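Given these sequences and hints, build the entire structure.
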Amino acid sequence: MRRISFWIATFVLCWVAANWAHGAELRIPQNATAGQSLTIGAGAGGTLYLVGPGQVIKRKVQGGEDVQISGDELRNAGRWIAIVRGGGGDQSQVFWVRPGKAENVNFLARPSRVPVNKPGVISGVAFVFDKSQNLVIDPTKVNFSLSVGSAHAEHTATSSNGVAWVTSSSAPKAGAAQFVASLPDVQVRRVIEQVASDPCNLKMKVIQREKGKVTVETDPVRDCTGNAVPDGTIVTFTQTDSTGRSVVDARIKKGIARAQLPAESNARISVASGVVLGNEIRLGGGQ
Amino acid sequence: MRLVRILILTIGIAVAISGGLPLAKRGLSVVRAAVGDSKPEVQLNVTNARPREVEESTQQSIIRDYGRAWQGMGTALANNQMGPLNENFTGFALDKLKQRVKDQQQNGLTTRVIDRGHKLDAVFYSQDGSAIEVRDTATVETQVLEGQTLIHSDEAQVHYYAVLTGAEDRWKVRVLESSEK
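Chains as they are written, first to last, in this note's numbering: chain A, 1131 to 1417; chain B, 2 to 182.
Worth double-checking, as some hints may not be accurate.
Said to hold, decoys possible - Reference listing, derived: stretches of chain A covered by chain B, where coverage requires no fewer than 3 residues with Cβ under 8 Å from a Cβ of chain B:
1. 1205–1212
2. 1257–1265
3. 1312–1326
4. 1352–1358
No wet-lab data here; the hints were simulated from the structure. As the structure is a computational prediction, the values presented were derived from the model and not from experiment. We put the CB at the ideal spot given by N, CA and C, even for glycine.
Listed below in structure tokens is the structure:
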């Protein structure tokens, strides 16, 4: 009987001691997520410090009491250190906080201005963040869409290491293209100005000839897909005759470039814009 | 008999050196970290960078500027100063580290980061060359002090994801996040 009592007493004592020791331990859940509340068993009590990548939280705690950290407080994902001072010695433990769900996109669209109908010239890069601006490392689907007028292109990319990207060709039609990166609950929009490309089929004609001057004018200047080349683009008229060369750089105004040159007989006038050559006119001998 | 004595003496000296050297090295690194003058060793692998290849000159700049950023962060956290952060960080990383320094100041804490080196793997380099992301395997010792009292110390290999973007004269760290994986 004495023996049984001895063993029961020993068992109870051990159980109480184990329980007390467990209560004095720093206990942190291993599945903490940024933006979600967290309960920490602060052991014997004292001052609790939570040292995170971008913040420090301090709490006074009573022995055996659990500490509740709200989601608003626990903002930063990464490696944290929990330290309890006092109440029977210092204790510390490293724990991890995972990023929350993807809710924000940091979207870089390049370039801001691009010629139409060029392959692979537009790039979109989306960095995926949670609501507290932690980079979401887990693969996330990001939808990219590029639209100008009725032309619309869409592409879905899965992020890797927090980043998703696409390259896209510019549309054949000029105008402000809407480039959008989106997650299920968020959309970020950028505007890419798609402008006419180099002129195509550059043509000029003589519109006036009087008092030793000749006025030449281009047809409406357009690129190869029919977009009007923007006003201000330089068109160069060159006249070559027996006295030498005359060059006039004229800007396109209302879609047309015009220049006045000396009316020398047997002169040759040519037109060009950038690397594109247009037609040639011969004066005094027909075209 | 004399031979045995010499042998014992030699073993004793060897044991003292083997124990003393790492201790002295550790002490030196703590002192260095405290004054913030230790520039960490940084290695960069660019074979996994996509969609653009990382140019040689960019590789050198990343190694230099990422090292500087860690040095600056070490100084900032050890002395609760904002200055070294402004020079090397921008965006979310800057906001978060500034908040950490502010909170440390408020609670009377400082952190010594004893940096034992970084192995960087470039995982993304933007088409226009304006942003790069690296995965860093860093070996760091972290010491948290309350006033002058050391209240936590650990040494670990930690994985970081860092996004750097080009600034006026250097690359600045825009995102710096540690991850368990």
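Quick one: which hint numbers does this structure break? Sort them smallest to largest. Of the numbered hints, 3 and 4 do not hold.
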